[in-house]
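A.B. asks: Turn these sequences into a full structure, and let the hints guide you.
So the sequence shown is numbered by the numbering used here: it starts at 1 and just counts up by one.
Derived by calculation from the structure, the hints in this document are not laboratory data.
The beta carbon of each residue, even a glycine, is placed where N, CA and C say it ideally should be.
All clues given are correct.
Calculated pairs, DMTMM-like style, for lysine to aspartate or glutamate (alpha carbon to alpha carbon, straight line, at most 25 Å):
hint : residue 1 : residue 2
1    : Lys-143   : Glu-66
2    : Lys-143   : Glu-208
3    : Lys-143   : Glu-62
4    : Lys-16    : Glu-54
5    : Lys-16    : Glu-66
6    : Lys-143   : Glu-170
7    : Lys-143   : Asp-122
8    : Lys-137   : Asp-122
9    : Lys-137   : Asp-159
10   : Lys-197   : Asp-122
11   : Lys-143   : Asp-88
12   : Lys-137   : Glu-170
13   : Lys-137   : Asp-125
14   : Lys-143   : Glu-164
15   : Lys-197   : Glu-164
16   : Lys-197   : Asp-159
17   : Lys-35    : Glu-62
18   : Lys-35    : Glu-221
19   : Lys-137   : Glu-124
20   : Lys-16    : Glu-62
21   : Lys-35    : Glu-21
22   : Lys-137   : Asp-201
23   : Lys-143   : Asp-201
24   : Lys-197   : Glu-170
What follows is a set of in silico ranges between Cβ atoms, one per label pair, in the way DEER data are often shown:
hint : residue 1 : residue 2 : range
25   : Glu-91    : Arg-149   : 18 to 24 Å
26   : Val-145   : Gln-257   : 55 to 61 Å
27   : Leu-166   : Ser-69    : 21 to 27 Å
28   : Ser-153   : Gly-326   : 31 to 37 Å
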Amino acid sequence: MSDKTNMPLVLAIPSKGRLQENTNHFFARAGLVFKQSRGERDYRGTIAGLPDVEVAYLSASEIAAELASGGAHLGITGEDLIRENIEDAAERLVLLTPLGFGHANVVVAVPQAWIDVSRMTDLEDAAARFRQRHGRKMRVATKYVNLTRRFFSQHGISDYRIVESLGATEGAPASGSAELIVDITTTGATLTANALKVIDDGVMLRSEANLVASVVAPWNERQRQAVASILRRIAAEEEARTTREVRADLSAFTQSQREDVCQRFDARPVGSMSDRTVVFQCPVPQLFALTDHLLALGAERIAVSQRDYIFRPANPLLDVLEARIGPS
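C.D. replies: Written out as structure tokens, the structure is:
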């Protein structure tokens, strides 16, 4: 029998496709490189330099299920799969951070010929007219049964029947198997090609890949130290990527001016002030507004640089996780 008190941390990542490529790139940016001893057919792996981590290669839906059951501690999966498949997701999982890839929207789409249906309130009226005309409920084809039921209930729509889609959902209205659909889309091109349109307020969920942790998994000390190391690197890379260091030569710069810069541009002073040089770390969107301001104050030269990593004692990602799983 295995000793569960000394088991490694299980990190579940997508096993194929663009989602796997983006996941590999995300972790590599943080200095976390995956190793598969037997190549791509090996469904178990490791992270170079982190012997206390076991990598499991699974489908995105399997990852969500493993996290919910406690079979994996950490994983990458889409929010749509979590919201659809895990009824008590808020109690079992914690979404640590969105990753900026795997974007897709779960939407309500109707035939373009339905010119009088542009909002969910119109759909309610259409359902009533459909029943009156055809003597049956309007059919909705979807793989997202639970999301559909919740969303339609929120909008007071009950006169419909779900047809679970096993194939290409967008073809259901044309084939006559359903009147409208709920499906996932990225650009909307496939919907347009099938003469469908998204209802104006019919975006049910704006989904993307997330770094997700399991609350119900057993967390021993070895696993806690491993996840701290992973999250420390991810947080350090994210802060470095989303901020810039601004170094300005100023003949005069007061403490009140420094405090004003921090407040106005969400900047953080780096080190103490010298007679002629001030250094700030600021978010990328504030960069040029800050440099304009410093030039207006008389800066003679401003240098902007980007760090590879910025490590801090506090880790917001780890704080969120520890708040949910409790002390060791």
